[in-house]
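**Student:** Dock chain B against the given chain X, drawing on the hints supplied.
The lines below spell out each chain.
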Amino acid sequence: MAAPKKRRIPITIDMTPMVDIAFLLLIFFMSTTVFRKPEEVQVKIPTSHSSFKLPERGMVVITITPQDTIYMSLEDAALDYANSLSEQKPDGSIRGKHFTADQIPPVINALQIKRLVNRVVIKCDKEANYGTVENVMETLQKNDLNILNLVTDLEEERAVQTSAGG
Amino acid sequence: MGAVDLGGSKKPAGGGMSWKRPRVNIRIDMTPMVDIAFLLLIFFMVTTVFRLPQAMEMNLPENKADTPPPESKIFEKKLLNVWVMRIGDRDSIAVAVGNDSPKPLAWDSVRAKLLERRAAMFNGTREEVMKMDALTDLFRKSESSKRDILKYEKDFGAPALFMKIDSVADANKLPRMSEPDKQKFFEDMKKIDQLVVLAKIDRKAKYLSLVDLVDEFNVSRTFRFSIDRYTTYDDSLMRLAGFTTGGPKDLPAPVFAPSEG
Chain X
848 MAAPKKRRIP ITIDMTPMVD IAFLLLIFFM STTVFRKPEE VQVKIPTSHS SFKLPERGMV
908 VITITPQDTI YMSLEDAALD YANSLSEQKP DGSIRGKHFT ADQIPPVINA LQIKRLVNRV
968 VIKCDKEANY GTVENVMETL QKNDLNILNL VTDLEEERAV QTSAGG
Chain B
74 MGAVDLGGSK KPAGGGMSWK RPRVNIRIDM TPMVDIAFLL LIFFMVTTVF RLPQAMEMNL
134 PENKADTPPP ESKIFEKKLL NVWVMRIGDR DSIAVAVGND SPKPLAWDSV RAKLLERRAA
194 MFNGTREEVM KMDALTDLFR KSESSKRDIL KYEKDFGAPA LFMKIDSVAD ANKLPRMSEP
254 DKQKFFEDMK KIDQLVVLAK IDRKAKYLSL VDLVDEFNVS RTFRFSIDRY TTYDDSLMRL
314 AGFTTGGPKD LPAPVFAPSE G
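Listed in order, the protein sequences are those of chains X and B.
Here our numbering runs 847 ahead of the position in the first sequence, where the first position is 1.
Here our numbering runs 73 ahead of the position in the second sequence, where the first position is 1.
So that you can see chain B by itself, here it is in the shape it has in the complex:
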């Protein structure tokens, strides 16, 4: 394995005096060292974590007395673009359109319902919504635009947006849209964006419900949602509809009083 050759070729110091020096081959047995090296290697290979934990991002709105809440267009009369999703203490979910009473909803159909609702905002189909979402994604990921379609229009105006849509389509080898199609697409985009969902979750529900619901929002691309306090009013509505066991809430009261508005 490893051998160290200590040369005996060195000439002895001094003049006439010379003695024979035996050539010694020192062999160092490397086996134990290599054993240890492999042991350590295996240890580090096993303990190395290559996967970093994953996370879901959540942006909470500012909650301060002096900042007014962001404006959102709500159809006053019918409240058709506002959905209230409530999760009761048994993690059952119910949905209400505007001020209507809550109706039961299966967890599996939340996503489909949200997509359908977004399609209904512009009298379209779910397939159209998904097509629009795909294009929106391409638009956002495109090197040159790097922002949402609506934001782009706001910043640069409609003609620039339509040109950009063409260039994104070209870059992704998609057929270009005709001028009226682009106009319609843009109008539809604005309408899709109008769905607002308010999520109200009972304090006795499980945390899993929150993650599941937010995940459904993200997957169905319902980006205008907010999480609101589940009040006694919500509880009474849910109890009327038979979704919750009600009864006293044994959890401690929240640290900060809700800002009633």
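In isolation and in its complexed conformation, chain X is listed as follows:
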């Protein structure tokens, strides 16, 4: 190569460390991400002061909509389908099955035998009728499922307000 008198030095930035970090982060996020199941029904959950965190696995969620329809689900869609908590509709889509309150305990018992469930969680819309929830709680209670978790959002402003108000 014939070097000219005044040599132009190209500015090269070494990207290697940045790319290393990027891949590191990528691998971290890929391995830690747990995909949330797309929610079939939207429920507005009430707020409370409870800060108890639910585990990621081993729970069956009983969802109650404002129209008092009851669905049940496990942590992922494949498990739901395998345990017939969801079914295939004529149009090919897989949707959650409707349950009545008295159908719930046998399903939960079957899931417990398969060791899929150790916690029952009720996720109910705040506008749903208490009567529906009462039915569900009563059937669970009759079947020795006495410990329930009600999904709530953490309520912070009111906690501050009351502690200030004494």
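Simulated from the structure, these hints should not be mistaken for laboratory data.
With a straight-line cut-off of 30 Å between C-alpha atoms, the simulated DSBU-like cross-links for lysine-lysine are:
#1 B/Lys255 / B/Lys224
#2 B/Lys227 / B/Lys264
#3 B/Lys186 / B/Lys255
#4 B/Lys186 / B/Lys264
#5 B/Lys214 / B/Lys264
#6 X/Lys973 / B/Lys176
#7 B/Lys277 / X/Lys891
#8 X/Lys973 / X/Lys944
#9 B/Lys214 / B/Lys186
#10 X/Lys989 / B/Lys224
#11 X/Lys900 / X/Lys944
#12 X/Lys973 / X/Lys891
#13 B/Lys264 / B/Lys237
#14 X/Lys973 / B/Lys186
#15 X/Lys900 / B/Lys214
#16 B/Lys227 / B/Lys204
#17 B/Lys277 / X/Lys989
#18 B/Lys186 / B/Lys224
#19 B/Lys204 / X/Lys900
#20 B/Lys237 / B/Lys227
#21 X/Lys900 / B/Lys224
#22 B/Lys214 / B/Lys224
#23 B/Lys257 / B/Lys204
#24 B/Lys277 / X/Lys973
#25 B/Lys186 / X/Lys891
#26 X/Lys936 / X/Lys973
#27 B/Lys227 / B/Lys246
#28 B/Lys264 / B/Lys224
#29 B/Lys186 / B/Lys204
#30 B/Lys277 / X/Lys944
#31 B/Lys214 / B/Lys257
#32 B/Lys224 / B/Lys257
#33 B/Lys255 / B/Lys214
**Tutor:** Then chain B, alone, in the frame of chain X:
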């Protein structure tokens, strides 16, 4: 960016035969790969959920014919330590002491009322109740005790409890209580514990009312509460007091018949 140097320094096989091999610097353009990597990185960062859902725990009592209900001391004559909180179909709340008729209560004042009631159980003030609650919390969280004060006394006796209260106070850099104070504190604890609240919620009320009420119980530390069926008797009481619209209940009947006792 990335460069791969394929060395031309390898000696050709064979003896005398040798040829010149051009040194080739293969440069692989990494830009598209890095682009994709960043794209994926951003995607995973956005979709990662770090916050787990929160929940409120609820323990229902056993409901079986062969298990007797747990005993609780109720002052037979006045029923002063029993409160009945009823929620009507319009989510209005009313409170009744014992067998009295229900009186209206604003949702904002439920907590204050419960705290006041707990204070009244031992003729104390709300501030005293909160102080006692704070100490109870410290006691329960303390590594060495890990249980409620009353349970501790039951298991190990009063002298051990009083020593433990001192050690909890020391660990939290609080002044120690005098012996009579501790005695009084313990007696008051027993009385505070005597408030029993019965919640009766109309089937046509909203689920939100249940969560709100249980939350108020938890915040005001009224731990002896139970949820009972809202009967036609409750409905008639509420209707008399003008809290509910009454009328036919259009919800389906409960799956199991209530155990009338």
